[in-house]
Structures are given as C-alpha cells and as structure tokens.
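> Here's the letter readout for the chains.
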Amino acid sequence: MSGTTHPSRRGFLGSAIGFAVLAGGGLQVLRDAALAQPTSRAVNAWVTLSSDGEVVIRFASAEMGQGVNTSLPMILAEEMDADWSRVRVEQLDQGPVATFGNPNTGGILFTAGSSSVEGYFAIMRRAGAHARRILIHSAAQAWRVRPGEVTTEPGVILHRASGRRMEFGAVAALPQIVTDVPPVSDADLKPRSAWRLIGTNPDRRDIPGKTRGGTVYSIDVRVPNMLYAALALPPVEGERPVRVSDTRALAVPGVARVIRMPHAVAVLAERWEAATAARDALDVEWTTSSPFRSADTEKDLAETASAARDLNRPGVPWEARGNAPDAIAAGARVIEAEYRTEPTYHAQMEPLAAIASVDPDGRGAEVWLGTQSQTVSIAAAAQALETTPDRIRFHAMQMGGGFGRRTFFARDILRDALLLSREMRRPVKVMWTREDDIRNGWFRPATAHHLQAVLSPEGRVTALRHRVASPSVLAFAAPQRWAAANNRDILVMEGTESTDYAIPDFLAEHVILERRARVSAWRGIGWGPNLYAREAFIDELAEAAGSDPVSIRRQLLASSPRGLAVLDTVVAMSDFGRPPPRRAHGISFAGYKATLGAGVAEVSLNTDTGEIRVHRFWAAVDSGIAIHPKNLEAQAEGGIIFGLSGLLKERITISGGEVQQANFHDYEPMRIHEIPEVRIRIIESGAPPSGAGEIGVPMTGAAVANAVHALTGKRLRQMPFTPDRVKQALST
Amino acid sequence: MPTLIVNGRSFSVDAEPETPLLWALREHLGLTGTKFGCGAGLCGACTVHLDGEAVFACQTPIEAADGRAVTTIEGLSNTGDHPVQRAWVQEQVPQCGYCQSGQIMRAAALLAANPRPTREEIIDAMSSNLCRCGTYPRIIRAVERAAGEV
Numbered sequence: 001m002s003g004t005t006h007p008s009r010r011g012f013l014g015s016a017i018g019f020a021v022l023a024g025g026g027l028q029v030l031r032d033a034a035l036a037q038p039t040s041r042a043v044n045a046w047v048t049l050s051s052d053g054e055v056v057i058r059f060a061s062a063e064m065g066q067g068v069n070t071s072l073p074m075i076l077a078e079e080m081d082a083d084w085s086r087v088r089v090e091q092l093d094q095g096p097v098a099t100f101g102n103p104n105t106g107g108i109l110f111t112a113g114s115s116s117v118e119g120y121f122a123i124m125r126r127a128g129a130h131a132r133r134i135l136i137h138s139a140a141q142a143w144r145v146r147p148g149e150v151t152t153e154p155g156v157i158l159h160r161a162s163g164r165r166m167e168f169g170a171v172a173a174l175p176q177i178v179t180d181v182p183p184v185s186d187a188d189l190k191p192r193s194a195w196r197l198i199g200t201n202p203d204r205r206d207i208p209g210k211t212r213g214g215t216v217y218s219i220d221v222r223v224p225n226m227l228y229a230a231l232a233l234p235p236v237e238g239e240r241p242v243r244v245s246d247t248r249a250l251a252v253p254g255v256a257r258v259i260r261m262p263h264a265v266a267v268l269a270e271r272w273e274a275a276t277a278a279r280d281a282l283d284v285e286w287t288t289s290s291p292f293r294s295a296d297t298e299k300d301l302a303e304t305a306s307a308a309r310d311l312n313r314p315g316v317p318w319e320a321r322g323n324a325p326d327a328i329a330a331g332a333r334v335i336e337a338e339y340r341t342e343p344t345y346h347a348q349m350e351p352l353a354a355i356a357s358v359d360p361d362g363r364g365a366e367v368w369l370g371t372q373s374q375t376v377s378i379a380a381a382a383q384a385l386e387t388t389p390d391r392i393r394f395h396a397m398q399m400g401g402g403f404g405r406r407t408f409f410a411r412d413i414l415r416d417a418l419l420l421s422r423e424m425r426r427p428v429k430v431m432w433t434r435e436d437d438i439r440n441g442w443f444r445p446a447t448a449h450h451l452q453a454v455l456s457p458e459g460r461v462t463a464l465r466h467r468v469a470s471p472s473v474l475a476f477a478a479p480q481r482w483a484a485a486n487n488r489d490i491l492v493m494e495g496t497e498s499t500d501y502a503i504p505d506f507l508a509e510h511v512i513l514e515r516r517a518r519v520s521a522w523r524g525i526g527w528g529p530n531l532y533a534r535e536a537f538i539d540e541l542a543e544a545a546g547s548d549p550v551s552i553r554r555q556l557l558a559s560s561p562r563g564l565a566v567l568d569t570v571v572a573m574s575d576f577g578r579p580p581p582r583r584a585h586g587i588s589f590a591g592y593k594a595t596l597g598a599g600v601a602e603v604s605l606n607t608d609t610g611e612i613r614v615h616r617f618w619a620a621v622d623s624g625i626a627i628h629p630k631n632l633e634a635q636a637e638g639g640i641i642f643g644l645s646g647l648l649k650e651r652i653t654i655s656g657g658e659v660q661q662a663n664f665h666d667y668e669p670m671r672i673h674e675i676p677e678v679r680i681r682i683i684e685s686g687a688p689p690s691g692a693g694e695i696g697v698p699m700t701g702a703a704v705a706n707a708v709h710a711l712t713g714k715r716l717r718q719m720p721f722t723p724d725r726v727k728q729a730l731s732t
Numbered sequence: 001m002p003t004l005i006v007n008g009r010s011f012s013v014d015a016e017p018e019t020p021l022l023w024a025l026r027e028h029l030g031l032t033g034t035k036f037g038c039g040a041g042l043c044g045a046c047t048v049h050l051d052g053e054a055v056f057a058c059q060t061p062i063e064a065a066d067g068r069a070v071t072t073i074e075g076l077s078n079t080g081d082h083p084v085q086r087a088w089v090q091e092q093v094p095q096c097g098y099c100q101s102g103q104i105m106r107a108a109a110l111l112a113a114n115p116r117p118t119r120e121e122i123i124d125a126m127s128s129n130l131c132r133c134g135t136y137p138r139i140i141r142a143v144e145r146a147a148g149e150v
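Top line first, the protein sequences correspond to chains A and B. Just so it is clear: in the first sequence, position 347 is 347 by the numbering used here, and no numbers are missing. Just so it is clear: in the second sequence, position 120 is 120 by the numbering used here, and no numbers are missing.
Residues of chain A clear of chain B, computed beta-carbon distances all greater than 12 Å:
(1) T39
(2) G107
(3) R144
(4) D283
(5) T287
(6) K299
(7) I335
(8) P389
(9) E423
(10) R460
(11) N487
(12) P504
(13) R583
(14) D608
(15) I682
Short derived list, chain B residues pointing at chain A, Cβ under 7 Å:
(16) A40
(17) I73
(18) C96
(19) G97
(20) M126
(21) S127
(22) G134
These are calculated hints, taken from the structure and not from any lab test. The beta-carbon is built from N, C-alpha and C at its ideal position, and this holds for glycine as well.
Model the full assembly from the supplied sequences, consistent with the hints where possible.
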C-alpha cells in the first residue's frame with residue numbers, strides 16, 4: 001500500500017480530540033501522549049489504527065468546501081463500525097489510481113462533477129467492511145475463537161459467548177493482525193436498517209480549523225528560503241514578451257531576478273510586496289500576433305447564435321431518441337425559441353498560488369497546490385520537469401474554492417512555479433493577484449441555444465430539438481480526453497439529454513465552434529446553461545399549449561416518479577403561483593447527473609431600474625441516500641446562491657482579446673444583502689447517493705426567468721439578467 | 001522600522017512603511033489566517049481589527065497601524081472559543097473556509113460595537129465581505145446566535 005497524506009499541516013483534527021489537547025490540562029495530555037508512544041498499524045489502504053484508539057480514515061477526493069472530509073470517511077466508518085468520535089480524517093496527497101481513483105472521474109484522483117460520494121460510496125463501504133473483517137479475524141485469532149462468533153459495536157470488538165471485548169485500538173497493539181481475510185461482497189455490507197452514522201449530521205471535521213485561521217491553503221504555504229514570484233502576463237492569450245526593460249524593476253530592494261519566460265515575465269523577490277512592486281515597474285513589449293486579438297464577446301456571441309440557428313450547420317448528436325428533425329419538419333405546430341448565456345468567471349475566493357521546491361538535480365520536486373486532481377497535477381509537474389511522477393512529492397492543499405477553476409487548469413501556475421524554482425535553485429511561491437486571476441481566467445463559455453418543439457393538438461410536447469452552439473470545453477481543458485471523445489463534449493452538453501422527460505422524438509446536438517477564450521467547467525457545468533434554456537422554453541410551450549408551468553412538467557415527468565416527487569414537493573413548499581402582491585413565482589425542474597431537483601423563485605422587479613430582486617427560493621432535492629443531510633442542504637443552498645449570483649450579476653466581456661474585468665468592483669459576486677431566503681427539502685428516494693455540490697445551480701436560471709415572465713409577460717432570453725437587459729426586455 | 005502590536009505582542013517589521021498590513025501579517029509574521037482575496041478592499045477576506053475596529057488589512061499601510069493594537073483571527077480568542085467562533089461551529093458555517101476569518105472578524109467587531117444588532121444591521125455590516133460558497137444564510141444565523149453571548 002502506498003499513498004501519502006500530511007495531516008500535520010491540516011485543520012482536520014477531529015473536534016473532540018482537538019479540544020482535548022487545546023482545552024484545560026493540555027500540557028499533561030501532550031506529555032502523556034509522548035510517553036505512551038502509541039503504535040499505529042495500517043489495516044488496509046484506507047484505514048490506520050492507533051493503539052490509543054484513534055482510527056485514521058483517508059479520503060481521496062480533494063476538499064474545496066463540499067465537505068468530503070466528513071462525508072466520505074463517514075461511509076467507511078459506518079461499515080467498519082468505528083466510533084466516529086475517535087476517527088481522524090486525512091486527505092490523500094497522492095496514491096495509486098488503481099486503489100484510490102474515482103471510477104466516476106476516469107479512475108483517477110479527480111474531484112469534479114459532484115462525483116465524490118457517488119463514485120466512492122461503494123468503495124468506501126467495502127473498504128470499511130474489509131477493515132472490520134480484519135479486526136474481527138485478528139481478535140478471533142487472539143481469542144482463539146471462530147471469526148463467525150465475533151461481532152462489533154462502534155469502536156469495540158465483541159465475543160458475546162465469552163463476554164470478551166477488545167477496543168479497536170487494542171488491535172493495533174496485537175503482535176499480529178490477520179489481513180488474509182475472505183473478500184468482501186455486497187452481501188457482507190450492512191443493511192440500511194443497521195446504519196448508525198449515515199444519515200446523521202456530525203460536525204464537519206474541517207470547521208474548527210476554518211474558524212481559527214488554522215487551515216492552510218496553498219497560498220498560505222511558506223517554506224524556508226522561499227522566493228516570491230509575481231508574473232507579468234500578456235494582455236491577450238498567446239502573446240509573448242519581445243522586449244523587456246527591467247532596470248527599474250531590478251532596482252526595487254529585495255528583487256532577486258527578472259526572468260523572461262515564453263508566455264510571461266517573472267519577477268522573483270525575497271518579499272511578495274517587492275515582487276509586485278517590481279512587476280509594476282517592468283516595461284514589457286508583447287507580440288501582437290495572437291489570433292485571440294480579434295476575440296470580442298459581443299460579436300462572437302452573435303455568431304454563436306447564428307450558428308445555433310443555422311440548421312445547415314451540422315451538430316454532433318449528444319442524445320437522440322426517435323427522430324426529432326423529421327417530426328419537426330412534419331409537425332403541424334412547431335414552436336421555436338432562442339436563449340443565450342455569456343461567459344462567467346469562477347471567482348473562487350483564493351486566487352491561484354503554487355509552491356515548488358525543485359531538487360538539486362532538477363528532476364524532482366516537492367509541490368504544494370490546491371487542485372481538484374492530484375493525479376493530473378502530479379503528471380503535469382512530472383511533465384514540466386521532464387521526469388517521472390514518482391519524483392514529485394505532492395501536497396494537495398485545502399482549496400479556497402474550486403467551482404471548476406482548479407480542475408485541469410492548475411497545471412499552468414504549477415509549471416511556472418517548478419520552472420522558476422529549478423532556475424533559481426530555491427523554493428518559489430507563485431501567486432496570482434485577483435487581477436491576474438480574472439484577466440487570465442478560464443471561463444464558462446458563452447452558449448447559444450436554439451430550441452424547437454412540436455406540440456400535438458392536445459398540447460403535448462411530442463418532439464424537442466435542442467441545439468447548443470459553443471466551443472468545446474473538453475477539447476481545451478483536457479485534449480487527451482477529447483481525442484478519444486468522438487466530439488462528444490460532456491462539459492458542454494451534459495444536461496441536454498432530458499431523459500426524465502417523456503418526449504418521443506428528441507435530439508440534443510452540439511454545434512462546435514472555435515474557442516475565443518480560455519474555457520472551463522463552472523459549477524453546474526453544462527447543466528446550468530442547458531437547463532436554463534430548456535426550462536425557460538418549457539414555460540413557453542406551456543403558454544403556447546394553453547397549459548401551465550406545473551401541469552406541462554407533470555405531464556412530461558409522467559414516467560419519472562422521482563422527478564414528479566421533487567416537482568410536487570417544491571410546488572407545495574412554495575405554494576406555487578400564489579405569491580404576495582407585486583411578486584411572481586417561476587419554476588424549474590432540474591437535474592444534475594443522477595440527482596434530481598426542482599426550484600421555485602419568488603421575484604419582484606423594479607421597473608425603473610430593471611433590477612430583479614429574488615426574495616425567496618425553494619428547492620426540493622433528491623440525491624438518493626443522504627450521507628450527511630445537513631451538509632447536503634448546505635451544498636444545495638450554496639449552489640442556489642452561486643447560480644443566482646451568476647444569472648443576475650456575472651458577465652465576463654472580452655474586447656480585442658482583452659478581458660475587460662479586473663476585480664470584484666466590475667465582477668462582483670452576490671453579496672449577503674442580495675440573497676433570498678432559501679428553503680431546501682431533501683427527498684429521500686432511497687436511490688444510490690449522487691452529487692449535491694452542483695444541483696443548486698441548474699434550477700436557478702429558468703426559475704428566475706419564468707418568474708419575471710409571470711410578472712411582466714417578458715421572456716429573458718440572455719443570461720445574465722442584468723438591469724440594462726431587463727429594461728431592454730421590458731421595452732420590447 | 002514600524003512596530004506592530006499584533007495579538008498583544010510587539011514586532012518590528014522590516015518593510016517599507018506603505019506595505020499593506022496584510023502582507024506584513026501573512027508573509028513577514030506568518031499569520032496566514034488573514035487572507036488575501038482582492039487587494040482592493042472589495043472582498044473583506046483580509047478583515048482584521050485595528051484598535052477594535054474592523055479594517056481591510058490590504059488597505060491599511062503598516063505605518064497607519066504603527067503602535068496600534070492589531071487583532072487577527074489567530075488572536076481573537078486563546079482557544080477558538082470567542083462567541084462568534086463558537087456560533088460559527090454551531091451553525092456549521094464554513095464551506096471552503098477561505099473568507100471565514102474575515103467574516104468572523106467583521107462579525108466580532110460588529111457585536112463589540114452593537115451587541116444586539118437587528119437582522120438588517122447584521123446584513124448591512126456583513127455586506128462588505130464576500131463569500132463565494134454561498135454560506136451567507138448561515139453567517140446571518142451565526143451572528144444572530146452569537147449576539148446574545150458577546
């Protein structure tokens with residue numbers, strides 16, 4: 001077994017243990033612990049026992065706020081029958097993918113797509129059952145009884161016939177443990193009725209550290225003899241420095257060197273403030289030959305929309321059932337509509353930072369990085385140094401927000417830290433300022449959606465065609481995956497498939513355009529834009545059919561009991577359609593992979609300013625078995641606020657290839673006074689657990705747009721629904 | 001050389017007087033609980049107390065803090081048991097956690113000046129601090145919970 005963790009740097013100390021050390025008598029506790037020297041013993045790849053009773057459980061996803069540090073170990077602890085108050089959790093820094101990879105993210109250590117609980121549920125259960133089996137067999141051997149007579153209670157192994165008991169920790173001190181145990185099968189797993197931990201709400205393990213300033217993010221890492229690097233980055237992607245005047249920069253006290261890189265100019269200094277001051281004193285002339293010089297978000301979006309509309313432009317089918325084009329050609333009553341979204345930026349609160357300390361031979365390194373994928377980052381580091389992954393000693397740091405920003409992307413800043421450290425023969429910390437982070441962002445791309453549907457004489461939706469025009473995110477973010485993807489872009493198209501809706505003739509297709517900016521997944525991935533377009537369109541169909549938003553969705557969801565359940569629940573929660581005076585309700589059904597949700601927004605509108613106010617938002621969410629319902633609720637709530645922020649306020653514009661926004665004054669996420677009251681209800685369908693981190697986002701767009709329509713009779717066809725755009729819609 | 005009094009201890013900081021307090025705390029003194037978010041007084045991640053008042057450390061040159069009492073998240077309480085910190089745990093506020101030092105410092109300063117704020121006063125005070133994970137509803141609840149206890 002391999003795989004490494006570095007718990008000492010983290011704030012993941014179990015709260016009970018943490019208080020024991022920190023509170024009264026702390027010195028005595030520490031001294032006794034030092035004297036006793038507890039022995040620890042690995043039980044399997046995921047579990048280590050300590051003779052003092054501590055059970056260390058590893059998790060392989062990366063923590064960025066979603067609570068996997070608690071939910072994943074809970075699953076294992078459940079099957080192991082560990083005493084949760086004695087569990088310490090450790091995030092894995094690196095390890096073999098065969099043991100630790102997430103089957104739902106390509107089998108590697110990669111945290112994205114709300115897939116952690118979904119992908120690791122079975123793995124963690126089996127790992128826990130396997131660990132428990134080892135404990136039972138080890139105790140049975142020590143007691144000279146048959147394993148079948150031995151059982152467990154939380155933290156204790158029991159032989160009821162003789163009354164013998166052994167704490168889990170005592171197994172660590174046995175002369176020998178039995179690891180050669182029969183394999184665990186699904187039949188060995190606890191029935192749900194026996195669960196003690198899953199479905200409860202223990203405190204998240206990371207929260208005490210995060211309330212004391214003790215949690216260490218990559219931007220916080222300081223290593224001895226470290227240099228700081230600030231980068232002068234080109235104004236337009238793809239430009240290169242052609243002339244660098246660094247006299248003034250080098251005169252700043254504390255500046256060590258100015259290094260011209262192919263894509264940037266780096267200033268290295270003993271102090272960060274010196275590095276940034278010197279960077280500002282640089283005079284850099286850049287090439288002006290980048291093809292991205294012509295990028296212009298407004299013009300590009302108009303072209304994107306015409307590509308979506310132009311049915312002669314071939315689309316790559318993403319999902320086809322029946323034959324939608326033929327049905328539409330023959331349809332007596334065809335309804336068409338168009339929706340657009342503009343680029344958005346992640347605005348994770350921690351700007352990017354990477355720290356590298358390259359070995360004297362230049363062929364290995366110690367690295368600290370907040371990343372959504374340990375595996376991808378280690379491979380990128382090895383590639384940068386032209387070495388092998390085993391030479392990379394990796395620390396996967398707590399992330400100050402991810403939201404898709406740290407998936408494939410973190411490789412560039414990591415590469416720069418490595419190359420600069422190798423050059424300087426000292427550890428280097430590269431930090432981006434907020435301005436760097438925005439101007440060099442990887443954005444959710446603009447999309448245009450051309451939708452066509454056939455309504456039967458009875459008002460049923462019998463055909464639907466959803467064309468999405470946008471660049472491929474996958475092609476840019478993960479070229480190797482794209483090469484094998486057969487032009488199917490999961491990061492753009494997922495969500496269009498509409499499998500919960502019973503529509504006989506259906507086609508979702510992707511009109512793939514050249515990218516005009518760096519593009520990335522953004523919380524909600526394709527589901528956000530795709531479901532905004534589809535669900536706003538469904539309301540248009542309801543109106544055309546003389547139906548209503550709830551009835552038409554109930555009809556479409558007729559063969560989806562889970563879909564109906566979330567829809568009916570949110571209708572009841574919100575008392576849908578009966579808002580207070582001068583407000584209106586809008587509804588959206590939404591999914592996110594296997595998770596289902598439905599949301600209702602209650603809005604009012606200042607017709608003078610065009611400002612939308614979302615007063616209340618209700619959501620029903622079915623993500624199968626809820627491991628930690630309170631955390632699931634927090635994730636759904638956070639996702640809704642994230643989604644509302646995006647659709648009301650957020651827009652990246654690019655002109656002449658330059659990103660026009662620079663900081664939170666011109667790219668301002670939602671603030672506390674702008675949020676609605678949010679109510680979440682979790683529906684327990686008993687389905688296998690699925691993701692919770694993103695389900696809040698996709699339901700927001702159409703819920704708000706449909707509410708504004710209910711209030712004003714106007715459709716909001718382009719996200720974000722900024723005041724100027726709302727006023728424009730009102731005047732048409 | 002400016003002298004900073006941080007969490008009750010004095011430090012001489014070898015930095016230019018206009019250096020933002022944020023970098024003196026984080027990179028010179030190693031108090032990394034105070035976070036860098038924007039460098040422009042827009043997000044509040046760097047909120048600390050200067051003589052008990054909440055300020056943006058990124059907008060406070062160290063010369064302006066010279067000889068005044070600076071309190072950071074690390075010094076808000078000895079063991080993380082300030083009522084606001086306790087409320088943050090009880091309400092399970094943080095997600096990624098990056099903004100939370102600043103949120104807690106902002107809330108603590110509010111409650112020190114106004115122990116019984118209305119909901120509107122809480123929202124008004126906290127509106128200078130951004131959270132991207134969407135923990136705002138919990139922040140409001142936690143400040144309300146802590147209000148009676150400060």
